[in-house]
Amino acid sequence: MSKTEYVSPEGLRLDGRRPMEMRQLRAEIGTVAKANGSAVFEMGNTKVIAAVYGPREVQNRSQQLNDQALVRCEYSMANFSTGDRMRKPKGDRRSTEISLVIRQTMEACILTHLMPRSQIDIFVQVLQADGGTRSACINAATLALADAGIPMRDIVTSCSAGYLNSTPLLDLNYIEDSAGGPDVTVGILPKLDKVTLLQMDAKLPVDIFENVMGLAIEGCKAIANYIREVLLENTKQLEYRRGL
Amino acid sequence: MGLPNASGDLSTEVEVDAFRRLFPLRFFEKHLLESIRPDARPLGRARDTTIALGAVASANGSALAKIGSTTMLAAIKMEVMTPSMETPDEGCIAIDFHMPPICSPIVRPGRPAEAAPVVAKQLSDTILSSGMINLKELSLVSGKAAWMAYLDIYCLDADGALFDAALLAAVAAFSHLEIPVVSLNDDGKIVLSEGQGLSDREPVNKEKRKVNLGSIPFSLTCILHKNHILADPTSEEESIMETFVTVVLDSSSQLVSLYKPGGPVLAYTSAIQDCIALTRQRVKELRKILEEAISGMEVD
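Chains as they are written, first to last, in the UniProt record's numbering: chain X, 1 to 244; chain F, 1 to 300.
Isolated chain F (complex conformation) (with noise of 0.2 angstroms):
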């Protein structure tokens, strides 16, 4: 703070996005000691979120989600497999996240992002762990067939919080998934039906199903810098102020996950519960914007 800013005096336009690309931290330092920020949110609040469902036609459930600029699109499609032997009775899911090189400058082709393989594994650890989605569900003929729900996740445009909006895409897919019906032709072999049952047994339901969803996780990330805490980055701010938690808690408020990746920024625990507490809050409106979701659908 000793050395003399480059102009000091910030009123013309031209010289305000010159000092935010030369000083990008002093540029947020000064906007963080009137606990605002640059595009003019408090501290602890996220921005716009919405969700629309049934953004994919072709797929068995689909969601588009959208917190600031940041798009995901989630869609599921689901494939008859066989059950592992460990494990007759239960279903499959595999979640995938990709960042196809139209979501940022920075990711180039031929090359995946960095951040791509990181926050698939956190999503795949966190909807397993959840217990959102019970396998035994998945399961058709005991031993011999099950389901495979594919979960691909595209992300569309990268602006920050990729997690938190990947979870969001993921949990609405799942509430908009419809099992399609399947009967048991005579080799014994599952296949679809259109329409009614065609022959022998049924061993889903007659009509097309939803999933049964236990407690839904939803997630905020923060980011730590000195002793502020800025809840839902953008990307500009995920690059210059590099420690960030996220939080990740169900519907009835429990924890699910918590991840602080190292960075410069130690935090004590009252840090940390200042981030669940912001979270918690986070998770009132998101259920709030998911429900309302759900019901425009039901409408239809």
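Next comes chain X alone, as it looks inside the complex (with noise of 0.2 angstroms):
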């Protein structure tokens, strides 16, 4: 067991947070031209970017839905993005889950049924990675759908949370990450108030496990605030720019 204090007797975590407070976030939208749909996501250091395509026509007849979208997701890690240089940024077994992931977390809240024969492609790039990549990614997967104009359920959040130092901690750094205690990961449909993806690592006991995934939650609500917040925005804009 290593003796680090994640967590100070004065309450202050290794990047001066407290438990409960979530990292900054910054978002926009609109950054690919070329894209249908795109946004960046900063979650404190780690910085994704997600571009949206579709719906478009399906580029392998094969895999072509009759009922509903085929939806198509890629995450990928730029070489620089971690401390220590990355030969295989995809391809590897981690960013194949996370790929699998974000898709079937996003598949749920797109209403794939009104575009069938169609297909709706998620990129996302991660161009700084400092914990909590899957969360950021699944958060500028949302905006960028959004601003794609796709149809959606509901927005979809996503934030993690872990307990060290017998403290739940809000929104882990990579440092808090990778100290090697749970990490749990929650999505949800804000409005709907219904749980999308739940991942966790580690052991922990059911009673603190609650705990830790009502923090989650908590902290998937904030960002789903914020979220709503810069598309209204985007929405104005756009409403100037028509002159209306």
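Take the hints with a grain of salt, since some may be wrong.
Okay, the calculated beta carbon distance ranges per label pair [to be verified]:
1. X/E10 - F/E79: 54 to 64 angstroms
2. F/R209 - X/E57: 48 to 58 angstroms
3. F/R209 - X/D193: 50 to 60 angstroms
4. X/Q237 - F/R111: 32 to 42 angstroms
5. F/T82 - X/L198: 39 to 49 angstroms
6. F/D48 - X/N211: 49 to 59 angstroms
7. X/L238 - F/I106: 21 to 31 angstroms
8. X/D193 - F/Y259: 25 to 35 angstroms
9. F/Y259 - X/T167: 53 to 63 angstroms
It is worth saying that the hints were derived from the structure and are not from the lab.
For each residue, glycine too, the CB sits at the ideal point set by N, CA and C.
Fit chain to chain and form the complex, with the hints in mind.
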């Protein structure tokens, strides 16, 4: 057991945050001109760019679905995104797993039956990784889908939480994530109050797990408020430009 | 030009868009007759260019370059390696260019874009042959340790002139590069030192130092169509008119590289000389933009 203190006796974490405090959020819509929808999402030092292409014609006819849209997702990390330069940014197991997770999470909220025989591509690229990349990718994908005008049941927001030094911590950064303690990632549909993604590593007693999951859900709701503000601001800008 | 237009009168918005999609070449030629392009640029002018240094905080040097909508993010990471036997006093630069699927609707995941390895090779050749970086500067201990600089360039938005934007981002990243401080530890291995030197000798300066850049290469891609020369094409223009010429000049206006990979239009020497003249002008603009970006960083 290492003696590193992740939460100091005064209640401050390694980067000066309180245990229930999230990192600073920043989002921008419409960054990739060529894409139908795109967004950049930052959670502290984790920076992710997402682009959505679709609905468009299915590229591989054999995969076409006659009653709903085909959703594809690819997650990749830039070579310089982590501390040491990565050799294989995509195609390795972690990237394939996260691509699958993001696809299934977003598929749950897109109204695919409205766009049969079409394809929606979600591409996520991690530019800087400092913990919570999975959550940042899902948040960025939500914004990009909204920017593309794809009909959805609700926005999906995601946040992670952990448990170190007997304290539930919200929004882990890379150092806290690598500490070996549990890491709970939650994705919810805030208005419908439903959980669409729930992943956890390491061991945790069930009652503490409920606390930590509750904390992550609070984090998701805070992100949902921020995302709604960003989308509202974007819509106002579009109205001004159209002269309404 | 003998066939009548599908819509003789182009006054309504919808018909212009349809004409643009259905008859792209005629749409462009109508504009070229007036010596202007659909985005209102004169034929020899490039799009608005911006450079932001230090875009990636975790890299040793980085830059984000935008030419119009084309966006390139370049980042350099330094690692220590053993130099090869033939060049014990020189470091090494590895240049890699990626086009992730976010940049363009025609790039599919699993299948890399056709343009990516071509631009990567072009960049590699241009940067290494231009003499911008003296590899001997990247040496640490002769024969035992030297720096390997990994330059990764990611295209975040592909809207024409990929090579120009990538070269600009690479050059800007090198001008932002700071070589980290290292020292020799007791095992004779090089370690990154935090703050002051910990042990024995310090093969490099006591503080992070910048790389001395020789002559910096800048480039301009031009499209040749009949007897017009269009500077800095967008992706729409590139897909319709396929003959392009890329000229790379360095800051002392010497020709570093000239690239014309075939194409339906044959160029006379006068056309090539016009391209070089356009590039010369562009080099002045780009130098100014780069210098402003660098001095902006130093003020911080």
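- Message: Hint compliance check: list the failing hint numbers for this structure, sorted ascending.
- Response: 1, 8
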